[in-house]
Amino acid sequence: MRIEATPQAGDVVAQIRAARPEDPLTFIFGSGCCEGTAPHLFAGYTLVPEQEQVGQVMGVGVFADAHVRRLYAGRTVVIDAEADPLADGFSAEIPLGWRFVLRLV
Amino acid sequence: MQEYQLYIDGEFSDAEGGKAVESINPATEAPWARVARASRKDTQRAIAAARKAFDEGPWPRMSQADRAKILNQIAAGLDARSQEIAAVETQDSGGTIRKTSGDLMFGAAQLRYFAEMAEKLPLMEEIQVPQFPAQSKNYVQREPIGVCGQIIPWNFPLMMAVWKIGPALCTGNTVVLKPASDTPCSALELAKIIDETDLPKGVVNVIHGSGTECGEELCTSPLVDKIALTGSTEVGRRVQQLAASTIKKVTLELGGKSANIILDDADLELAIDGSLFGCFYHQGQVCESGTRLFVSERMHDEVVARLVERTKLLVCGDPMDFNTSQGPLVSARQRETVLGYIQAGIEEGAKIAIGGKRPEQPAKGYYVEPTIFTQVKNSMKVAQEEIFGPVLVVIRYRNIDDAIRMANDSIYGLGGAVWSKDKEKAMVVAKQMRTGTVWINDYHMLSAAAPFGGYKQSGIGREFGLEGILEYTEIKHVHVDQVDNRAGHYWYGALFGA
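As given, the protein sequences belong to chains A and B, one line each in that order.
Quick note: to get the numbering used here, add 213 to the position in the first sequence (first position is 1).
Quick note: to get the numbering used here, add 14 to the position in the second sequence (first position is 1).
So here's chain A without its partners, still in its complex pose (with noise of 0.2 Å):
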């Protein structure tokens, strides 16, 4: 899988990493439930041993275990990010009233 990110989406990684410059930022995707296959923005994440770098974004490394990496193998995965001021969850844009999403192409 190769990752890009929309101008959009870089642009709200570099608004997190102004806001916490200290902070060590992770991209993860979920396995499905509530969010799907959506990109997680973590601080501190502890990667587990599965997951592997598939790419990187404004410097922030993007990491998928294999269950993600054998769904999307071949494919190109853009990380757009949308304005949702009710996004949930624990990633780290969603105070700034954004959620990161997923987009094949």
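Note that these hints are calculated values from the structure, not bench results.
Positions of the beta carbon are idealized from the N, C-alpha and C atoms, including for glycine.
There is no bait here: all hints are sound.
Rough simulated footprint, nothing fancy, chain A against chain B, three-plus residues with beta-carbon under 8 Å: (1) 193-200; (2) 344-355; (3) 394-406.
Position chain B against the provided structure of chain A, taking the given hints into account.
For chain B alone, kept in the frame of chain A given last:
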């Protein structure tokens, strides 16, 4: 427009800076309520109230009978306002009024179960231990854990609040409950009911806010002793990581992709409707839904034809109408996720037997037609990922061992079912399924008195039943010496010498 505030320390209050957001009615796509949106500071205020109520208030020290009385007061309040709150929840979540009315009825009944257990629960039990070298009496004492942070999802907003608050109160804990951002209103209605009971201030606090602010604060605050989450597996992993910093007790009820196996000798009239109920109830937005249907090669075509015929009767409509069986999904976000999965299924080569798109009517609302895929392999995305929408995949099996192998080939293990006229044969299959609940010839029938939870990545711990209630207790061993003099304590010689 309805207005809702946060419920902290027995008072309804605005969020920091007056921040509020509009809650959207999924059937009309229009805002219908305005809800205070808690910040990290508001969360800290709620945690402090729960901490004070636990450390200094009467609640953890109250008699079991008094706690039961208050739980019954909450149940009576729910009963008295059930239709009103069902309507609130339907507008907030899109769940049909049939479903939300049932949830209110079950919610009150579940609270009564917790009230009954509050009185019955043996808080102090003598245990037998070997009487060597010490001679002693020994007791196991069960005590409340303390402040419990509870995070619930949007699919059963009122009932999940009861599932979380009920066992915590039953055992004398205090609570900060965070309902989902999309569906906070019925939990805040429950707070209004609680406010009218004799429950001491600060024992239950309800805040509406994001996981990133409120959830993280609950998971990392040293003033919180336990976290209980119902949500996705990824968020569960995040919650565990955050809670590890203060070694909190954690219980997780997470995702599922549950297997539903129809054996060749099943009563098909029952199995077909039961399987559709198992998957399409609440538009498939149920964590233990039977979303993978396993059917033998021999029965496949007949089963699919009958599934399709019965699915034609499931019509999308106004969720406030008692005739409607299929309401909208909870949000535009969720509809797009589900439609994305349907597209993925098509791209992987699965065939749509019925549904597969937004319905033409209703024109407004986040609806998706009940959808059945055939020609599905268990390795496909639509068979491995929890879609959380009205999508059933039908998978053929060659023999029963093949069905069990595929049923267990999932990172999840939450629910599941077996359909057969031979219940003993079904029990043999059920025993081999690596999952927390198996129904035989039924689906979705959870009981407050039976433990519910997941194997594998579907969770940690149990809700309901004695097992679920004990998740909200610390266990203390009390050893009472029976030797009664220094000379008899000869094992002190290990320090002082003989």
